[in-house]
Amino acid sequence: MSDAVAGKDGDFSIADGQNLKQRLRKATSRARWQAVFMVAPLGVFVLLTFILPIAQMLFRSVDDPVVSDALPQTVVALESWTDRSELPEEAVYAALAADLKFLRAGGADGEGKSLIGRLATRLNFDTSGVRSTITKTARKVKKIEAPFKEAFIKADKKWGQPDIWASIDRLGGAVNSTQFLAALDLRQDVNGDIVSQPEVRQIYVTLWLRTLWISLLVTVICVALAYPVSYLLATLPLRISNLLIICVLLPFWTSLLVRTTSWIVVLGQNGVLLEALHLIGLVGEGADRPQLIYNMTGTIVAMTHILLPFMVLPLYSVMKGISPSYMRAARSLGANPTLAFVRVYLPQTVPGLGAGCILVFILAIGYYITPALVGGQDGQLISNFIAYHMQRSLNWGLAAALGTMLLAGVMALYWLYDKIVGINNMKLG
Amino acid sequence: MATNDDFIVRFENVQKSYDGESLVVKDLNLNVDRGEFLTMLGPSGSGKTTCLMMLAGFEPATHGEIYLNDRPINNVPPHKRGIGMVFQNYALFPHMTVAENLAFPLEVRGMSKADTEAKVTRALEMVRLGPFGGRRPAQLSGGQQQRVAVARALVFDPDLVLMDEPLGALDKNLREEMQYEIKHIHETVGVSVVYVTHDQSEALTMSNRVAVFDDGIIQQLAPPEELYERPVNAFVAYFIGENNRLYGTVKEVKGESSVVEIDGGGGMIESLAVNTGGVGSRTTLSLRPERVVVSPTAGSMQNVVSGKVEELIYLGDHIRTRMTVSGNNEFIVKVPNAQGHATLKVGEEVQLGWTTEDCRALDAPAGAA
Ligand SMILES: Nc1ncnc2c1ncn2[C@@H]1O[C@H](COP(=O)(O)OP(=O)(O)O)[C@@H](O)[C@H]1O
Ligand SMILES: [Mg+2]
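First to last, the sequence lines map onto chains A and B. Note that the first sequence covers residues 6 to 434 in our numbering. Note that the second sequence covers residues 64 to 432 in our numbering.
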């Protein structure tokens, strides 16, 4: 038999008995390997510079080894502490004394003293005001003798309150969720129940809401400004539209910093805009003038300006592909211009609209430099606080938790978009 | 005598310029009869689409007036004209199903759901696409999309349908099939059609009358037979069907006919004076290849000249023969493959004859002295 024959399940076998599928796979394997080699350099690059750092960040948001490293015996001893209204037993105090003495003597790797510092900082993030309790006690620990309980309370009276012990217990697990709770203005109380942070320490929920609100507002303004412009660009003769496209793209070729700071010149107290309005008598002097920069207004204006091209380009590219004959067809079929636009034109621009909105919103929600420069107090976004925790307070765990939540939010949004519009419907340009 | 009421469309002295410098449509006067299938035929760029766009309301006329059902419509917006239109690329709305596309004109007219559904179903059946209502246009073949576009233009019962090269994107077989289908729909529905094409065979097949456009002017408006048999000028003769051209000078005018001395020393030709000046003026003689007889019996033809066979192409029913006649080496003769037909050889000199009636003396070629 020399011809290929079909098996009853549709499998083809060839004269020499080889399966057709296997033959095909063999024939295409060369092309597959070529593809792998072409992708490999970029793959490695992305892995090293993108995937690994993100994975590390995700891990850091829950990884919290300081307390368990510094106070291993105490953490174990605390497992028997069940009645949170009472202080722990003597054995726990003894374990703490042993841990601290060991650290003062240099610890496992000779870095014991610096570990005490990090322990104090970590506990202080969790329960404010305990930094000195730790450092002070550690300094005196050589002289602390049994009975340990009394000696500790004498050294610092915070050892006589359950709060610090609950804190050590909570952070004793090398992996815990305190940072995520903190990122939502929540914490665990002495009994391990999740409660709100005290009023004065609540900032993140407001920040999250503000970030969402500003991103949404910027997206909406961008749509309102970009839609007519893109329509014009798509319908004008190519010669003129190319020129205008350059105007749209021009901001892309200017430094972000320059563009942002130029807003300071325009919107400042004695800036171009207010001076011009003053000249025509619309605003007064000094304190009468509205504050346009170093607040939320400044952030919104500057971010809209910077993100506008990301809305124009996808819209333009989609509109460019919509033949004018669709509108004409709708008109000839009896639809007035408004109806023709709503029923025929608008739905066809959804892929560009969706892509533009997703792009602008995602960029806005993680925006850093513009709010940092022109945002003042109430124009700060979540990324400004991530940066703050990375650079100033050095609370990397909290920064990682905030970043992780931001990433999860963007992913959720992407998923939602896919459900509603379909990711295949997105046209980026 | 026909009154203006018998015409569904009238163009009256219509002119159109896009740039304010040149006229794309020059003084168009055209009446379309009710129920007629009228085709605008002409080379690309001759202003056909522009005429259609002015009629549909998408381009304003620079000058003149257009009447629809004897009502001037220059100031009526497109959606109030009630004219169905089939576009070259069909312009089916890609985000709607076929049924939604067809329902669109009915919905915007506020028709009830039940009526809409019934009409859509009927329209789909008319174009034999009954089961395809739920599909998107992109899921249909070119021919099917074409039929949906026709159905959509007819579903709201307009008096008039415009079609701008609707078959341009189809392959040859499908195009011929669709020509008959559209013709058939026109006959059953009784709608008036203004059809635009640059394909002369399409125009001849489908139309009641054909308006031949060139350079923004109607060169001739006539039924297909007349257009072919009796072209009034050199452009029409050249554009419709195949045509031999001989240039010459009028030597004598004898009532209906004129005697022309053809260039290249071919001698005197007696021809029908259709569109020539007086004695001494230049003219183009137009002669259909199938009307030339090889080796005519003596005295049967008014005109006999000799020609040299250059090329023979066997086409089954006839043999297409290219000859040199009076210095013109593009002279085509169709020798029918009938019993006892003349057998020719390349290089042979033969006598060719034709009658006065078949040889039309038309206007001189532009630029010729
Ligand atoms: N929108 C327009 N703007 C400027 N010139 C146009 C426009 N549409 C058509 N023209 C010009 O008008 C002439 C006639 O075009 P058109 O009516 O499309 O011819 P046809 O349909 O017979 O091919 C062409 O020379 C074309 O370049
Ligand atoms: Mg055209």
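Derived by calculation from the structure, the hints in this document are not laboratory data. The structure displayed is predicted, hence computed values, not measured ones. Note that the Cβ used here is the ideal one computed from N, Cα and C, for glycine as well. Keep in mind that the hints are not guaranteed to be accurate.
[What the hints assert, rightly or not] Okay, the calculated beta carbon distance ranges per label pair:
id : chain 1 : residue 1 : chain 2 : residue 2 : range
1  : B       : D262      : A       : L344      : 47 to 57 Å
2  : A       : V347      : B       : D82       : 25 to 35 Å
3  : A       : T266      : B       : N138      : 50 to 60 Å
[To be verified] Residues of chain B clear of chain A, computed beta-carbon distances all greater than 12 Å:
id : residue
4  : M116
5  : I146
6  : V149
7  : A154
8  : H158
9  : N164
10 : N338
Find the hints from earlier in the document that the structure breaks and name them by number, from lowest to highest.
-> Structure breaks hints 1, 4, 5, 6, 7, 8 and 9.
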